[in-house]
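What follows is each chain in one-letter form.
There are 2 protein chains.
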Amino acid sequence: MTKDEIMSLINRSLFASVGYTDSSGKQNIRRVFCVWHDGIGKHLISTNTSSSHVREFMKNGNACLYFSDDDTFEGICLSGNIKVHFEKEFKQLLWNDGDEKYYSKGVDDEDYCVLEFIAETGKYYRYDGKGELSKEEMQGTGTFINGYAG
Amino acid sequence: MTKDEIMSLINRSLFASVGYTDSSGKQNIRRVFCVWHDGIGKHLISTNTSSSHVREFMKNGNACLYFSDDDTFEGICLSGNIKVHFEKEFKQLLWNDGDEKYYSKGVDDEDYCVLEFIAETGKYYRYDGKGELSKEEMQGTGTFINGYAG
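First to last, the protein sequences are chains A and B. To convert, note that position 80 of the first sequence is 80 in the numbering used here; the numbers rise steadily by one, no gaps. To convert, note that position 145 of the second sequence is 145 in the numbering used here; the numbers rise steadily by one, no gaps.
Derived from the structure by calculation, the hints contain no laboratory data. Take the hints with a grain of salt, since some may be wrong.
Just so you know, same-sequence chains aren't split out, so a pair can sit in one copy or run between any two.
Unchecked claim - Below are the DSS-like pairs computed for lysine-lysine, each with C-alpha atoms no more than 27 Å apart in a straight line:
no., residue 1, residue 2
1, 101, 26
2, 135, 105
3, 59, 130
4, 91, 101
5, 101, 130
6, 123, 59
7, 26, 59
8, 123, 83
9, 105, 88
Just so it is clear, the structure is predicted and the values come from calculations on it, not from any experiment.
Please model the complete structure; the sequences and the hints are all you need to start from.
What follows is the structure, encoded as structure tokens:
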């Protein structure tokens with residue numbers, strides 16, 4: 001897969017799967033809405049601070065993020081780390097009109113936070129072959145873009 | 001979600017995501033075709049012995065299996081173990097006409113194997129709430145059924 005084909009998969013996916021090991025040693029996957037991207041390697045996800053996966057990420061950020069399309073048999077698995085952000089710049093960026101129905105106190109709601117996933121390594125899988133991504137290939141421009149709106 | 005709603009999600013999914021930690025400590029997810037089920041808790045997956053995830057499961061079977069539907073906002077995460085089977089009874093059960101194009105030596109091809117996932121714990125997630133599954137709820141009848149054909 002080319003870098004453009006991988007970015008196309010990421011931008012049209014809307015959802016991604018997060019994989020992590022919880023503090024009891026169990027493997028877990030959570031499905032998350034993930035549309036803010038900076039290149040192939042960095043992604044933002046808004047979520048509830050009170051969720052069990054967020055509590056785990058505050059202790060241990062080791063995680064993977066997987067984007068796939070079952071119709072085209074394409075998948076990309078990024079392994080790296082998750083940081084939990086409470087800074088207003090992140091919360092404001094991902095806030096949408098109407099999100100008050102999820103977070104009643106608005107953008108400052110302490111139950112609202114933003115996960116930043118940062119890839120260390122990446123692999124792609126497709127019917128015609130698999131391969132590894134270099135750090136250079138995963139590097140973005142330093143600005144997060146909403147791939148859903150684009 | 002009721003047990004029937006969870007079984008319906010599993011049967012119509014066709015694909016599932018497997019989560020595991022590899023021997024270097026990295027988190028990984030692989031998308032797999034998964035249509036053979038024995039209740040909520042046991043699932044069979046045919047795959048290539050030479051795949052990196054199979055090599056990892058031969059060393060450490062700790063894994064999770066995740067079924068989801070992005071349209072209905074339903075997800076089920078089973079945590080447990082994977083056994084790699086080379087016995088003819090498993091390989092014969094999952095073999096389909098035409099699989100020779102993947103495994104040139106036929107059902108006895110040593111690159112063809114069957115993963116058996118066995119859940120220890122289970123959680124479901126839906127817009128209207130989440131919950132945990134008991135071992136009794138995940139228990140099947142002892143017979144694997146092809147949910148795709150059914």
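Cα distance capped at 27 Å. Does residue 59 pair with residue 130 within a copy, between copies, both, or neither? Close across copies (23 Å), not inside one copy (33 Å); limit 27 Å.
Quick one: residue 26 to residue 59, C-alpha cut-off 27 Å, is that within a copy, between copies, both, or neither? both (15 Å within a copy, 16 Å between copies)
Pop the pair residue 101 and residue 26 into one bin, within, between, both or neither, using alpha-carbon distances up to 27 Å. Result: close neither inside a copy nor across copies, 32 Å intra and 36 Å inter.
How do residue 91 and residue 101 come out at 27 Å by Cα distance, when the copy is not named: within, between, both, or neither? within (15 Å within a copy, 50 Å between copies)
Regarding residue 123 and residue 59, is the shortest C-alpha distance of 27 Å or less found within a copy, between copies, in both, or in neither? So residue 123 and residue 59 pass the 27 Å test inside a copy (26 Å) and across (21 Å) alike.
Is the C-alpha distance from residue 123 to residue 83 at most 27 Å within one copy, between copies, in both cases, or in neither? For residue 123 and residue 83, the Cα distance is within 27 Å both inside one copy (21 Å) and across copies (24 Å).
Checking residue 135 and residue 105: alpha-carbon separation at most 27 Å within a copy, between copies, both or neither? neither (39 Å within a copy, 39 Å between copies)
For residue 105 and residue 88, with the copy left unspecified, which applies at a CA distance of at most 27 Å: within, between, both, or neither? Result: close within a single copy only, 14 Å intra versus 59 Å inter.
Regarding residue 101 and residue 130, is the shortest C-alpha distance of 27 Å or less found within a copy, between copies, in both, or in neither? between (42 Å within a copy, 18 Å between copies)
Hint violations for this structure: numbers 1 and 2, all remaining hints satisfied.
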